[in-house]
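Please take these sequences and the hints and turn them into a complete structure.
If you read the sequence shown in our numbering, its first letter stands for residue 53, the second for the next number, and so on.
Hints are supplied without guarantee of correctness; some may be wrong.
As the list claims (entries may be wrong) - Taking lysine to any residue and the SDA-like style, the derived pairs with C-alpha atoms no more than 20 Å apart in a straight line are:
| id | residue 1 | residue 2 |
| --- | --- | --- |
| 1 | K141 | N96 |
| 2 | K78 | Q54 |
| 3 | K78 | G152 |
| 4 | K99 | I132 |
| 5 | K143 | Q85 |
| 6 | K141 | G152 |
| 7 | K143 | W174 |
| 8 | K100 | L151 |
| 9 | K57 | L87 |
| 10 | K141 | L151 |
| 11 | K143 | D89 |
| 12 | K141 | W174 |
| 13 | K143 | P94 |
| 14 | K99 | R88 |
| 15 | K119 | M173 |
| 16 | K78 | I155 |
| 17 | K100 | G135 |
| 18 | K150 | V172 |
| 19 | K150 | M173 |
| 20 | K119 | S154 |
| 21 | K141 | M91 |
| 22 | K100 | Q112 |
| 23 | K150 | T113 |
| 24 | K170 | R83 |
| 25 | K99 | K143 |
| 26 | K141 | D165 |
| 27 | K99 | T113 |
| 28 | K100 | T149 |
| 29 | K100 | G152 |
What the hints assert, rightly or not - Okay, the calculated beta carbon distance ranges per label pair:
| id | residue 1 | residue 2 | range |
| --- | --- | --- | --- |
| 30 | S175 | K150 | 32 to 42 Å |
| 31 | Q139 | C71 | 35 to 45 Å |
| 32 | N58 | S146 | 19 to 29 Å |
| 33 | A92 | P116 | 34 to 44 Å |
| 34 | C71 | V140 | 27 to 37 Å |
| 35 | C71 | K119 | 34 to 44 Å |
| 36 | Q112 | A92 | 32 to 42 Å |
| 37 | Q112 | S146 | 17 to 27 Å |
| 38 | G169 | K78 | 17 to 27 Å |
| 39 | D89 | W142 | 14 to 24 Å |
| 40 | G156 | Q112 | 12 to 22 Å |
None of these hints come from the bench; they were simulated from the model.
Ideal placement from N, C-alpha and C gives every residue a C-beta, glycine not left out.
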Amino acid sequence: MQITKNFNSVTDNMACPCCNAFVYRKPFLDRIQYLRDIMAIPFNLDKKGGGFFRCRDYQQTHHPETKNSQHTLGNAMDIITLGWDGQVKWKFISEATKLGFSIGIYDSFFHIDYRDGKPVMWS
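Now the structure itself:
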């Protein structure tokens, strides 16, 4: 199902990997699409799944350290950054924070979500 101009729930593997459930928040995806337009590069998710929506069972089994994950609300995305140079990463972080996203910086991906309250950043 085509959700936005550049995101498709099937081809982008946005459903939960354990049960194939799919929940999303349209305001979040509209904002992600806007960021994608600014960046003018594809946002690739983990092809094994879990980079967008995760049911609570999957979250508890695979990421028990994270309580109240925005992934379980369809309000988060893990974007693979392999192949991005420092300038692209910096632009992403800069533009995403301007849009009010919270960002987690990891070796091979950025976690991005839009949550209530002030945005946060961690690595």
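To see whether the hints hold, each was checked on the structure:
no., hint, in the structure
1, K141 to N96, "holds, 14 Å"
2, K78 to Q54, "holds, 12 Å"
3, K78 to G152, "holds, 16 Å"
4, K99 to I132, "holds, 10 Å"
5, K143 to Q85, "holds, 15 Å"
6, K141 to G152, "holds, 17 Å"
7, K143 to W174, "holds, 17 Å"
8, K100 to L151, "violated, 28 Å"
9, K57 to L87, "holds, 12 Å"
10, K141 to L151, "holds, 15 Å"
11, K143 to D89, "holds, 13 Å"
12, K141 to W174, "holds, 14 Å"
13, K143 to P94, "holds, 14 Å"
14, K99 to R88, "holds, 18 Å"
15, K119 to M173, "holds, 16 Å"
16, K78 to I155, "holds, 19 Å"
17, K100 to G135, "holds, 19 Å"
18, K150 to V172, "holds, 12 Å"
19, K150 to M173, "holds, 13 Å"
20, K119 to S154, "holds, 16 Å"
21, K141 to M91, "holds, 10 Å"
22, K100 to Q112, "holds, 17 Å"
23, K150 to T113, "violated, 33 Å"
24, K170 to R83, "holds, 16 Å"
25, K99 to K143, "violated, 24 Å"
26, K141 to D165, "holds, 16 Å"
27, K99 to T113, "holds, 19 Å"
28, K100 to T149, "violated, 27 Å"
29, K100 to G152, "violated, 28 Å"
30, S175 to K150: 32 to 42 Å, "violated, 19 Å"
31, Q139 to C71: 35 to 45 Å, "holds, 39 Å"
32, N58 to S146: 19 to 29 Å, "holds, 20 Å"
33, A92 to P116: 34 to 44 Å, "holds, 37 Å"
34, C71 to V140: 27 to 37 Å, "holds, 34 Å"
35, C71 to K119: 34 to 44 Å, "violated, 20 Å"
36, Q112 to A92: 32 to 42 Å, "holds, 37 Å"
37, Q112 to S146: 17 to 27 Å, "violated, 34 Å"
38, G169 to K78: 17 to 27 Å, "holds, 20 Å"
39, D89 to W142: 14 to 24 Å, "holds, 18 Å"
40, G156 to Q112: 12 to 22 Å, "holds, 19 Å"
Checked against the numbered hints listed earlier, the structure breaks hints 8, 23, 25, 28, 29, 30, 35, 37; every other hint is satisfied.
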